[in-house]
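Engineer: Since the structure of chain A is already known, use the hints to place chain B on it.
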Amino acid sequence: MPTSMPDWAAIHADPRFQDLHGRKTRFLWGLMAVSVVFYFLLPIGAGYFPELFKIQVWGPLNIGLLFAFSQFVVAWGIAFIYERRASREFDQLAAELCAHYSGKPA
Amino acid sequence: MKTLSWIAAIATLLTATSANAQALAAGAVASEYKWLTFLVFGLIIAATMFVTYLAARRVKSTQQFYAAGRSVTGIQNGWAIAGDYLSAASFLGIAGLISLYGYDGFMYSVGWLVAYITVLLVIAEPCRNIGKYTLGDILAFRNDPKKAKTVAAISTITVSIFYLTAQMVGGGVLVKTLIGIDYEVSVIAVGVLMLAYVVFGGMVATTWVQIIKAVLLVVASLLLVFFTWMPYGFSLPEFLQAAVSDPKVQAQVSKLLGDPATQMSAAELGQRFLEPGLYLKSPIDQISLGLALVFGTAGMPHILMRFFTVPTAKDARVSVLWAMGIIGGFYVLTLFLGLGAAINVGALKISAIDAGGNMAGPLLAQYIGGGENSMLGNLFLAFVAAVAFATIVAVVAGLVLASASAMSHDIWVGVVKGEHATQKEEMYAARVSSIIVGVIAIVVGIAAKGQNVAHLVALAFAVAASSNLPAVLLTLYWKRCNTRGVVLGMSMGALSAIGLVLVSPNMTYPNLVRAINAPLVASAQAKIDALNTQIAGAVDGDARLDPARLDLARLDLEAALQAAVTLRAVSQTKIDQVEGQTRSLVGLEAPLIPLRNPGILSIPIGFLCVLLGSLIGRREKRADDLWEELYVRQNIGLHSEGASAH
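Protein chains in written order, with my numbering: chain A, 1 to 106; chain B, 1001 to 1646.
Chain B extracted, bound-state conformation:
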């Protein structure tokens, strides 16, 4: 039975790969070097599959499946947290933002590290001391177990599905852009691989896949930064000077600033790249996003779950310290990756392949290896592509495991079966839940093809910060907190975060889309007409120019024409997509609030509702009675869930 399913999983993968081999569309990797990409992908997949095979033999109990037998060391868990957390958005997205917008991209990356201070100081150790497998276990400690577990599971699944969708869509687009595999095929490949890890290897395999991925990611980034920085003698001012005096960087700033740029010198334009304001226009939105990160990370179910895999609270602390070192170090490197790509590849080329800049890191790798037509360049590109793929699979595996645990451990065993289930039954439920979540992820990933899902990551953090964090924090630290408060706070926190996004500028407003894109189409059309006239003139020939120069001038004009045609097509597509519509998804003609990130409003709502719910009405006996036990246990770790005996 088990061998059969193994073979089925591998067969699916193989057919997926060979189908691609036949239908190689255009990707960033040159066709004659595709085999290199598949070789590197194959090696990484083989390594993770081997680990899964070893893990599958160990995973015999629920404690193994959900918490890797609590036998992961602090250092291992630190790497696994980094592997769980550093998504493709951070690896490719932030380097891309820096390559296109300079300083603002880097500022964006700081919050992702600072978030771990909250995890370290107030969440990791107490949760390890009183928790078992899930967020629901922590909340059920002194609140009504069935109600707490239900609301915790709903919140866990909501947060995970938002985050999963963003990862699946991002992953599909990424693999398609890099190697030209069909979008649907790559979404299925990510889904099937991740399911193989989770279903057979549970937390043990997931942990090791995350460790392998984190190590690969760090090694790849260090190598790239080493070769990028080396020509400048590892001097920071010289490297920055190279960025600000680069004509491509100056041209990009001039393009971003528009008219005001005509008043600035080339040196001023370059320096502007290292100053704030090219990308992030609204400080309040920025603060709101920062709040969601700083308070949301500590409420992310797949991050919380990692603290149950270590034997003691001290190991939980050590794992956060390692994670902070790895994650912080990685985010410092993104500055060099981004600026390196801006200097060596150029914003024009980066945004031509992907408007969001996601290809900055991979293209930098290709450049460092020797460029588009070199074997080494394509090997580097293939390596970075494979690391990006591993990145997505590892993050997705963590998320699926977290939501499957909420379904099986909290809902099925905790609520439906009233805690009466054998180990064997619960293991079965956990595996079935994983498959359900995995299939949902694949279906949603394919259904959301072509949608802009970037804001779903921010929404996932906002929901976690407004719903999970207030409930966990107040359950742990506030005596009066009770079930009513937790249920009210979690539901209102999540609903307000989602509701605010539904009426925010993140949604598509057809009238606004037309208002923005119609002038763009018109101006592109005017440019096309002008260029066509010029090209016609050039063909008729200017007798005074020699033919070679005439050809060059024509090539330039035709390149400019091509760019204008692309620009017109992009804007026209956006208009076509909203044809015949006047209202957004929730029936609005224009956004109700100017905020893209709801955190600044929804986090206080979440906290306030826990407070109000707890204070209004009768006191709850169970919450009061268990307070002393909870408070003592979360502080000193007496009676915490131990490691499994080997």
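Extracted from the complex, chain A is given alone in its bound form:
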């Protein structure tokens, strides 16, 4: 167990932490909003715009089915975008802060 706890208030006030927090907040909640809105277009479309969903585009394949498939692609896409940004940017910033405040060399 560590003998002394880091100075949490100091880290919280550190501009680097504020910068990381700001970037993360905008990015995460933005992605979250996009995914929620996109998902609810499916039940809304199926419930209130069935005529649109019935339009056939490729043989029996209609817009409704394509839209349902697109939900999978979009969900995976959002996960992929988040993972890239998190592992390239957020993880490093967090590791720098951790190293700085736990007394170990960065």
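Hints are not guaranteed to be accurate.
[Claimed, not checked] Here are the simulated DSS-like cross-link-like pairs (lysine-lysine), alpha carbons at most 30 Å apart as the crow flies:
| id | chain 1 | residue 1 | chain 2 | residue 2 |
| --- | --- | --- | --- | --- |
| 1 | B | K1146 | B | K1621 |
| 2 | B | K1621 | B | K1417 |
| 3 | B | K1132 | B | K1146 |
| 4 | B | K1621 | A | K24 |
| 5 | B | K1147 | B | K1621 |
| 6 | B | K1349 | B | K1034 |
| 7 | B | K1034 | B | K1176 |
| 8 | B | K1349 | A | K54 |
| 9 | B | K1060 | B | K1132 |
| 10 | B | K1527 | B | K1574 |
| 11 | B | K1147 | B | K1479 |
| 12 | A | K54 | B | K1255 |
| 13 | B | K1349 | B | K1527 |
| 14 | B | K1479 | A | K24 |
| 15 | A | K24 | B | K1314 |
| 16 | B | K1255 | B | K1176 |
| 17 | B | K1281 | B | K1248 |
| 18 | B | K1281 | B | K1349 |
| 19 | A | K54 | B | K1281 |
| 20 | B | K1147 | B | K1132 |
| 21 | B | K1449 | B | K1176 |
| 22 | B | K1132 | B | K1621 |
| 23 | B | K1060 | A | K54 |
| 24 | B | K1132 | A | K24 |
Quick caveat, the hints were computed from the structure, so don't treat them as lab data.
Structural biologist: Frame of chain A; chain B shown alone:
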């Protein structure tokens, strides 16, 4: 002592199996091939037991028991999350819904994947960074620990028991339908097996059982889809064309639509199968269910618990990515399983064995292997049945572990003993709690025999979304959040979700049951009378028909008669069940609200109550003081609970 209990567990299982061997009732597997089913079941059970045996030797500390020593890798945890999450309802239920109702069944499956976006973006990593073993640990970080842990444990146990009941009843019915084992025996078998994993192997064994199950499930689904899709050259339009031009599919749509169907051509009827509206009639209910899924999954205690098994937040993220790949891929496959069953087996045959369509996947497996009377067909069926069984056991094990942890870690150690308990005492408490929850699950499972428990799954998600998620989210991201808000929000969120369901159309309303089923009985009776007259006429003989054709016509009539008799019996049973009653469980003659899914109302209530509770009254010193520490830690992972040293 330990060896003894092992022997006892195995002996119980063996007696359960041999008792069935003697009393083989009718099941989907043909009698002469039952041994195949038991062989496959035996192999899977043996594999999971071996894993449990290995795990039991490792589980010496609470960290091992609750969190597998935080040594599970991201990829392993991804498979385990998929194994924890993909219940029999998704494997059998959704494929079944697609086989009976087409598009709507598939639409149903999308929400179960999208739910993981919430888990990935705002829950997994922060919870890994500040949590220890349970939901209660997260909430106790800056709120009053005793109050937060109590309310978290109550919520965890409530959610788990709803979900457990649905799984136990579903599992009992499933095993009975597939291989003809008595309902009670299969509930006990599921319970005893799951207890063996949890009590001896803790999280280590549970994780591996879930991984094995997920791999089996994915392999089985991939094989089925491969052989289903192959005849169409793996072309999507050709496969869909085969579905829409299938007479069985067209007949099913015509049956679902009733009168309007007479105006439609065969091609239009077939195409209608791929359009929305055959099953889900209320868009608001659909949106409400979607909300419960998207916000409830992230509040499911057995899912949250999985993030404490990996060494770092990055591994938690990697595990969600893998889980999303596996879960999403599986749900795409359900479309092919469902449509494949609709084409090759047919809705009539699927719903004859199980009205909810749960047998679509297993029957498709039987067809692909060569049909009812072939050895390969029955081997495939046995394999799918065994995978379904493993599915239930793995999900149930995860749920029991989550609620047992809440009982032992949050309530007994956190509240009763005031955090003063040795490792040994806590391990003992955790094992005793597991047995208590397991026994409750078995008893409730047997007591709920014959009840319609499908809506309990949706209710579990609604409670998690209205109670756990607002509390966790606001504790993690909102500075003003405090104990008062968490306690008020969690209790009001859960109570409103449960209360709304109690006054919803999900409950049984005797007057409505009679109003719906009496005409059905009457029309079935009229059909029976008409058919009896026709059959009598056919027996008297029509001199112009040759005897062979006459026999065929008679066979058709008798099949139709049989169907009508079954229909009458089903409706009559429903009327008999409510005989002499006029009010629902809570004393209502008709539902107060039209919604079956409470999420759209109860989730905002949950959030609002956390906000109000936190803002009204004095500010709380502890919640304010610890905010900076919590916020820094959840973001950068400094000082998070590490892995155990080996």
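Engineer: Indicate, hint by hint, whether the structure satisfies it.
Structural biologist: Here's how the hints hold up against the structure:
no., hint, result
1, B:K1146 / B:K1621, "holds (16 Å)"
2, B:K1621 / B:K1417, "holds (24 Å)"
3, B:K1132 / B:K1146, "holds (16 Å)"
4, B:K1621 / A:K24, "holds (27 Å)"
5, B:K1147 / B:K1621, "holds (15 Å)"
6, B:K1349 / B:K1034, "holds (21 Å)"
7, B:K1034 / B:K1176, "holds (13 Å)"
8, B:K1349 / A:K54, "holds (28 Å)"
9, B:K1060 / B:K1132, "holds (17 Å)"
10, B:K1527 / B:K1574, "holds (19 Å)"
11, B:K1147 / B:K1479, "holds (19 Å)"
12, A:K54 / B:K1255, "holds (20 Å)"
13, B:K1349 / B:K1527, "holds (21 Å)"
14, B:K1479 / A:K24, "holds (17 Å)"
15, A:K24 / B:K1314, "holds (15 Å)"
16, B:K1255 / B:K1176, "holds (28 Å)"
17, B:K1281 / B:K1248, "holds (23 Å)"
18, B:K1281 / B:K1349, "holds (24 Å)"
19, A:K54 / B:K1281, "holds (16 Å)"
20, B:K1147 / B:K1132, "holds (17 Å)"
21, B:K1449 / B:K1176, "holds (12 Å)"
22, B:K1132 / B:K1621, "holds (23 Å)"
23, B:K1060 / A:K54, "violated (59 Å)"
24, B:K1132 / A:K24, "holds (24 Å)"
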